[in-house]
Amino acid sequence: MNDAEPDIILQTRNLKETYMQGKVPIHALQGVDLEVRRGELVSIVGPSGSGKSTLLSIIGMLEIPTEGSVFIDGIEVTGVKTKAIPRLRREKIGFVFQHFNLLPALTALGNVEIAMRFARVHKKERIKRAREVLTEMGLGDRLNHKPSEMSGGEQQRVSIARALANRPAIILADEPTGEVDTKTRDLIVGILRRLSDGGQTVIIVTHDPWVAERTDRVITLVDGKVENS
Amino acid sequence: MFDIILRNLSQRKVRTALTIFGIGLGIFAVIVMGSMSENFNQTFETSFALTADKIRVFGSSGVFGGSVTTGKAAEVRKVPGVHDAYGLLMAPLEGGGGMSFGGNQVVGLPPEKSQTVLGPVRVREGRDLMRGDRYVTVIGSSIATQYDIGVGDRIEIQDKYFTVVGELEYTGSFFDASAAVPLDIAQDVYEMGDMVSMIFAVPEQGVDGELLAKRIKLSVDGVDTLSPSELEEEAKQSLMIFSVITVSAAVLAAIIGGLSVMNTMLMSVMERTKEFGILKAMGAEQRDILLMTVGEAAIMGLLGGLLGLACGWVAVFGINLWLAEKGIVLFLITPRLVAVAMLFAILLGTLSGIYPALRATGMSPMEALRYE
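From first to last, the protein sequence lines stand for chains A and B.
Position one of the first sequence corresponds to residue 399 (the working numbering), numbered consecutively onward.
Position one of the second sequence corresponds to residue 54 (the working numbering), numbered consecutively onward.
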């Protein structure tokens, strides 16, 4: 457990990530310290190669940092055994990707429901919860449609519904509006805003200043360092 | 998880079908070759069971040397512990003369010993050979079918006609392919003089067959013996070699089928790299990915096994039906063979899926998500 304030849901301490590109070391993150409060809608912005996506991957436990710590909901996730990571990922993190990353063979319902399978949620409960969350996303009439039969906006809403399925502590959205038109962008940001207002912590990585302006706080990363937050 | 596995398999129908076909082909070979081996095994076991109480006495030049005469039977009979001893001449039914230990054969035996020799096999129709019989024969069920003859019909043996006086029931042993004739007539038509292929020595009740075999060997000059256990061991070794050759060929075919599963699964894992990344991002455990991938391979193995079993059964049944006209049974599918073939198919599929599965589980989720 860390000594952060109780309403701090995410904290990173001196986060560093270095990887080798051939023989050249690339310092993707150079000591990132940040805190996010419960229910906050935060955007991370910065130029390409500034380390935004790397930071998101480390927070989402998809990558292990070279140095430093990440605390989520009071647990130092960078200190747990590798075997425990999938469970923590299920419980603490919901991902929304730029390219939606839905499973093409599954329906909207199947894509949301599958996320709960790994949490060993009972089938009846999985279906019930998937229906509810998809209906909340305005997709009640698209439950049995496959991704190929849906618009980009609809696919991204399925992706958000999937992220919410396991009721995670934080939603991590990597360029969630990068693949959609402005009308859909407004809709997606509206949904994320609504979720945040309802107490859900949301962190968005974005290039779009319009999106960043609509978040509670903007964290700017430059060359792997937080410039302002 | 089972529904996801089936969905994944049905996503790549042609590839899945080809892989199942590959495994099926291997298991088909296992079934066909294995059933041939099983048939030989059963024939031997039944034949052995029907003559297990008798000691075989051969000329000391060996089983196929056959330099033992009828007169030796009298010497064997005198050995303490021997209840009875009599010579048997075995010669091929078709073709030239000489002694034979396979295929359709003529068994020359003293007619008065007919019940002793053929005793374990019931005469289905007609009678046994009797003292005073000459050009008559008691035929096995395969010969009856093959030559389409029965009691009262005649069969040509070495240019002589023999009247069928009895027909034996089917046993699955060498008796099925035998035509029993009086020994002296057999020796005559095959121009074997006083020679016999072997002498059957029947131990007295309570006498140990193994010890008696040794005693005969020591007491009678120029003979060698095969006790029931020695015969069983020798025959089992020969059968083992046959089984190893046939089953190895089949197993090789099945392993090639297994490699096709591995190839399919490796391709599938590579194509689904991103999907595994997504599943891991959603919190899928290593065991979930492992179960999914190995499960697919195991199901392909199971389906391939069922396909191979069905095709093998049809082929074996068809060939047996065709050969039945010739009085030959070549294949025998036993529950043991079915169990081994199915277990082998599933095991092969599962093992072939392990390496691709380990590759899938070992992927970094981030790299998998970036994979295009």
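No lab work stands behind these hints, which were simulated from the structure alone.
Errors might be hidden in some of the hints.
[As the list claims (entries may be wrong)] In silico PhoX-like cross-links for lysine-lysine, where the CA-CA straight-line distance does not exceed 20 Å: (1) B/K327 with B/K131; (2) B/K270 with A/K544; (3) A/K544 with A/K526; (4) B/K66 with A/K544; (5) A/K414 with A/K581; (6) B/K270 with B/K131.
[Unchecked claim] Taking CB as the label site, the calculated pair distances span: (7) B/L71 with A/K481: 55 to 65 Å; (8) A/T480 with B/R423: 13 to 23 Å; (9) B/R60 with A/S467: 52 to 62 Å; (10) A/H543 with B/L376: 25 to 35 Å; (11) A/Y417 with B/A363: 45 to 55 Å; (12) B/K327 with A/K414: 37 to 47 Å; (13) B/R60 with A/T533: 35 to 45 Å; (14) B/R60 with A/T480: 38 to 48 Å; (15) A/K522 with B/L376: 33 to 43 Å; (16) A/K522 with B/L374: 45 to 55 Å; (17) A/G538 with B/G371: 56 to 66 Å; (18) A/S549 with B/Q64: 22 to 32 Å; (19) B/E286 with A/K481: 45 to 55 Å; (20) B/L71 with A/S549: 47 to 57 Å.
Just so it is clear, CB atoms sit at the ideal spot from N, CA and C, and this is done for glycine as well.
Please write out, lowest number first, the hints stated earlier that are contradicted by the structure. Violated hints (numbers, rising): 1, 2, 5, 7, 9, 10, 12, 13, 14, 15 and 20; every other hint is consistent with the structure.
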